[in-house]
Amino acid sequence: MTIQRRLSLSFLIILMLFAVNLVIYFWGNQRRLSTVEGLRSALSRQALIAVLNQNLNNIQKQITLLSQVATESSASTGADPTDVAEFNKQLKKVEQDINELHSLSEPDTKANIAAFAEAYQQLSTSWRVFYENFGVDQAKAITELVVRAEPLAQEVIQQRLPQLQQGENVRVEAASANFYDVARLTDRTTMLIFLLSAVVAFTLAGVVSRQLTSGLNRLREGAASIGAGNLEKRIEIRGKDELSELAGSFNDMTGDLSLARDQLTRVNEQERKKSEELEKALDQLRKAQDQLVVQQKLASLGSLTAGIAHEIKNPLNFVTNFAEVSVTMVNELRETLDEQKARLDARVIENIDEILVDLQQNVRKIQEHGKRADGIVRNMLMHSRGHSDERNLTNLNTLLAEYVKLAYHGMRAQNTNFNVTIQEEYDPSLEPVVVVAHDLSRVFLNIANNACYAAFEKKKRLGDGFSPTVRATTKSLPSAVEIRIRDNGDGVPENVQKRIFEPFFTTKPAGSGTGLGLSMSFEIIVQQHKGRLELNSDPGQFAEFIITLPKTT
Amino acid sequence: MHRIKILVTLGLFFLALGLILQAAPAADVAVVVHRDVALDNLTFAELRKILLGDRQFWSSNSRVTLLIRAPVAPERDVVIKNVLQMSEAQFRQYWIGKVFRAESAAAPKTVYTNEMAAALVGSIPGSIAFIESTQVPKGTKVLRIDGLLPGDKGYPLSYSKP
Numbered sequence: 010m011t012i013q014r015r016l017s018l019s020f021l022i023i024l025m026l027f028a029v030n031l032v033i034y035f036w037g038n039q040r041r042l043s044t045v046e047g048l049r050s051a052l053s054r055q056a057l058i059a060v061l062n063q064n065l066n067n068i069q070k071q072i073t074l075l076s077q078v079a080t081e082s083s084a085s086t087g088a089d090p091t092d093v094a095e096f097n098k099q100l101k102k103v104e105q106d107i108n109e110l111h112s113l114s115e116p117d118t119k120a121n122i123a124a125f126a127e128a129y130q131q132l133s134t135s136w137r138v139f140y141e142n143f144g145v146d147q148a149k150a151i152t153e154l155v156v157r158a159e160p161l162a163q164e165v166i167q168q169r170l171p172q173l174q175q176g177e178n179v180r181v182e183a184a185s186a187n188f189y190d191v192a193r194l195t196d197r198t199t200m201l202i203f204l205l206s207a208v209v210a211f212t213l214a215g216v217v218s219r220q221l222t223s224g225l226n227r228l229r230e231g232a233a234s235i236g237a238g239n240l241e242k243r244i245e246i247r248g249k250d251e252l253s254e255l256a257g258s259f260n261d262m263t264g265d266l267s268l269a270r271d272q273l274t275r276v277n278e279q280e281r282k283k284s285e286e287l288e289k290a291l292d293q294l295r296k297a298q299d300q301l302v303v304q305q306k307l308a309s310l311g312s313l314t315a316g317i318a319h320e321i322k323n324p325l326n327f328v329t330n331f332a333e334v335s336v337t338m339v340n341e342l343r344e345t346l347d348e349q350k351a352r353l354d355a356r357v358i359e360n361i362d363e364i365l366v367d368l369q370q371n372v373r374k375i376q377e378h379g380k381r382a383d384g385i386v387r388n389m390l391m392h393s394r395g396h397s398d399e400r401n402l403t404n405l406n407t408l409l410a411e412y413v414k415l416a417y418h419g420m421r422a423q424n425t426n427f428n429v430t431i432q433e434e435y436d437p438s439l440e441p442v443v444v445v446a447h448d449l450s451r452v453f454l455n456i457a458n459n460a461c462y463a464a465f466e467k468k469k470r471l472g473d474g475f476s477p478t479v480r481a482t483t484k485s486l487p488s489a490v491e492i493r494i495r496d497n498g499d500g501v502p503e504n505v506q507k508r509i510f511e512p513f514f515t516t517k518p519a520g521s522g523t524g525l526g527l528s529m530s531f532e533i534i535v536q537q538h539k540g541r542l543e544l545n546s547d548p549g550q551f552a553e554f555i556i557t558l559p560k561t562t
Numbered sequence: 241m242h243r244i245k246i247l248v249t250l251g252l253f254f255l256a257l258g259l260i261l262q263a264a265p266a267a268d269v270a271v272v273v274h275r276d277v278a279l280d281n282l283t284f285a286e287l288r289k290i291l292l293g294d295r296q297f298w299s300s301n302s303r304v305t306l307l308i309r310a311p312v313a314p315e316r317d318v319v320i321k322n323v324l325q326m327s328e329a330q331f332r333q334y335w336i337g338k339v340f341r342a343e344s345a346a347a348p349k350t351v352y353t354n355e356m357a358a359a360l361v362g363s364i365p366g367s368i369a370f371i372e373s374t375q376v377p378k379g380t381k382v383l384r385i386d387g388l389l390p391g392d393k394g395y396p397l398s399y400s401k402p
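Those sequence lines, one after another, are chains A and B.
Using the numbering used here, the letters of the first sequence correspond one by one to residues 10 to 562.
Using the numbering used here, the letters of the second sequence correspond one by one to residues 241 to 402.
These are computed hints drawn from the structure, not numbers from a lab.
Please read all numbers here as calculations on a predicted model, not as lab measurements.
Certain hints may be false.
Listed below are the simulated EDC-like cross-link pairs for lysine to aspartate or glutamate, each with C-alpha atoms no more than 16 Å apart in a straight line [as the list claims (entries may be wrong)]:
1. Lys-149(A) <-> Asp-294(B)
2. Lys-70(A) <-> Glu-328(B)
3. Lys-378(B) <-> Glu-343(B)
4. Lys-484(A) <-> Asp-436(A)
5. Lys-338(B) <-> Asp-294(B)
6. Lys-560(A) <-> Glu-491(A)
Sample of chain A residues with no beta-carbon within 10 Å of chain B, all distances over it, derived [stated by the list, open to error]:
7. Ile-151
8. Glu-159
9. Met-200
Footprint (simulated), chain A over chain B, 3 or more residues, beta carbon under 8 Å [stated by the list, open to error]:
10. 289 to 296
11. 314 to 324
12. 384 to 397
Ideal Cβ positions, reconstructed from N, Cα and C, are used throughout, including at glycine.
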């Protein structure tokens with residue numbers, strides 16, 4: 010039912026209740042009026058009887074006193090005609106009152122009143138006789154009074170009138186009781202109907218308002234929930250009224266909003282993914298750009314290094330060769346001196362021996378450092394000239410294990426105190442890969458050497474509480490091979506990480522490294538094998554080089 | 241001097257009055273009733289009650305009708321003064337009050353003469369009247385007062401004729 014129809018019906022019901030109350034009011038009023046009429050009539054009769062009583066008593070007193078208060082002698086001429094007329098008027102008035110009483114009386118009391126009227130007629134006649142003869146024929150007057158009037162007065166005033174009065178009193182009481190009964194009945198009926206009407210009206214108002222407020226509350230809660238962003242919320246629809254239609258429209262609107270939000274979310278998600286892809290592409294572009302810059306730098310350095318190395322190598326050959334010749338010549342000189350030892354003074358021979366020993370040591374130092382310089386130059390030339398392209402199917406597990414061990418033993422050969430734990434975990438499923446094994450082994454050796462060095466340096470700094478460890482692993486990926494060499498040394502600071510693949514950049518003490526190992530490794534992995542060489546390091550904790558080689562190069 | 245004159249005048253007045261009273265003949269007032277009244281004797285107190293209206297019935301059926309002479313009559317004076325010890329004004333006032341208070345439905349009826357009183361006593365049942373004893377008609381019932389009839393020594397309703 011619609012709200013309009015519900016409200017109209019409620020108004021109609023309340024109007025009907027109002028009409029019922031009005032009818033009850035008029036009915037009660039009519040009932041009360043009828044009883045009031047009865048009561049009024051009874052009261053009128055009662056009042057009339059009281060008046061009669063009063064008038065009769067007055068006349069009787071007048072007569073009584075007149076009979077006693079008399080003139081002093083018989084010479085009196087009796088009552089004045091005016092007094093007689095006045096007396097008769099009083100009697101007439103009483104007679105009229107009795108007639109009025111008769112006309113007002115109920116049918117069942119008319120006979121009594123008629124008898125009363127008849128007795129009064131006799132009494133009034135007797136009183137007239139007394140009055141007319143009083144003072145004129147006093148004996149007759151007294152006789153009339155005593156013999157007739159007083160007994161009649163006794164009958165009329167003391168018997169009949171009290172009977173009538175008593176009867177009317179009873180009627181007045183009955184009419185009064187009836188009036189109050191009817192008043193109570195009508196009052197109670199009016200009150201009952203009013204209370205029933207009030208209950209019905211309140212119930213009706215309560216039901217209608219509850220339905221309205223319930224619907225409005227549902228709408229309010231729904232609006233609040235939707236306002237809070239819960240577009241899945243649907244307002245419960247009850248019945249078929251304007252609020253239900255509004256709730257339906259609200260739900261439709263919420264559904265449309267939800268749909269729009271989903272579409273917006275999808276578009277946002279797509280935009281976000283695109284943005285991420287763009288970010289990734291930009292990152293890759295930046296990396297490629299960095300690599301390109303590094304490669305260009307390396308290329309220019311390579312060509313520069315090749316030129317310098319070539320120029321240095323010839324004089325260096327002279328140095329090493331002549332140093333080697335000098336050693337031979339020192340040996341020959343020593344042999345010659347041994348032949349002439351008998352002719353020479355022992356002290357001179359001793360001095361010459363000491364000088365020869367020093368000379369031999371110097372020459373050997375020159376030869377040794379010359380060879381070292383030659384090695385550096387050769388490496389530089391190798392770096393700049395490129396590498397051999399002899400590619401073979403190689404088992405990388407075996408190659409890595411071999412060169413890690415070589416690095417370890419090389420370090421131990423230089424320093425007997427050197428000791429690190431080597432952990433190896435090679436993927437058995439790794440198939441042999443086509444690589445330039447000779448160059449790749451140099452990469453493994455370089456990185457493993459660095460790892461052993463870093464771990465041992467930390468051990469030297471921290472002492473026995475630290476266990477230096479180098480871990481070498483391989484892993485076969487779907488289209489690539491991943492090789493990791495990790496040490497638990499001090500790692501690589503962030504500012505160093507950017508430059509670590511630059512040629513001649515080294516953090517080792519002077520004389521301990523050339524700064525070409527990682528540069529050369531980067532070139533072998535990236536340029537020669539089209540792979541990736543990455544550093545993952547937590548400064549103070551570890552450093553890990555990750556080599557990724559494509560399985561098909 | 242003036243006082244002495246007044247005292248002498250008053251003395252002479254009372255002396256003359258005494259002589260007059262001593263010379264006047266005595267008369268009794270008879271209490272007469274209708275012949276159906278069953279009593280022969282009334283006490284002085286009962287007579288007083290009847291005069292005051294305190295007794296209104298002789299018996300259950302017979303109402304007392306009090307007939308009394310009009311004022312100035314010696315019978316009235318004797319009754320009012322000797323029996324009720326009232327003045328005329330007090331007597332009237334008493335009965336007016338009694339009637340107005342509705343304590344009595346009937347008041348004393350005034351008769352002008354002894355003959356009228358005698359006639360009415362004879363005709364009205366239950367009536368009682370006060371008549372000089374010498375004027376009481378024959379056959380009229382006279383009541384004793386405290387056992388005394390008029391003429392008896394000590395009869396309470398006696399007066400001196402002027």
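Exercise for the section: Taking the numbered hints from earlier one at a time, note which ones the structure violates and give those numbers from smallest to largest. Expected result: 1, 2, 3, 7, 8, 10, 11, 12
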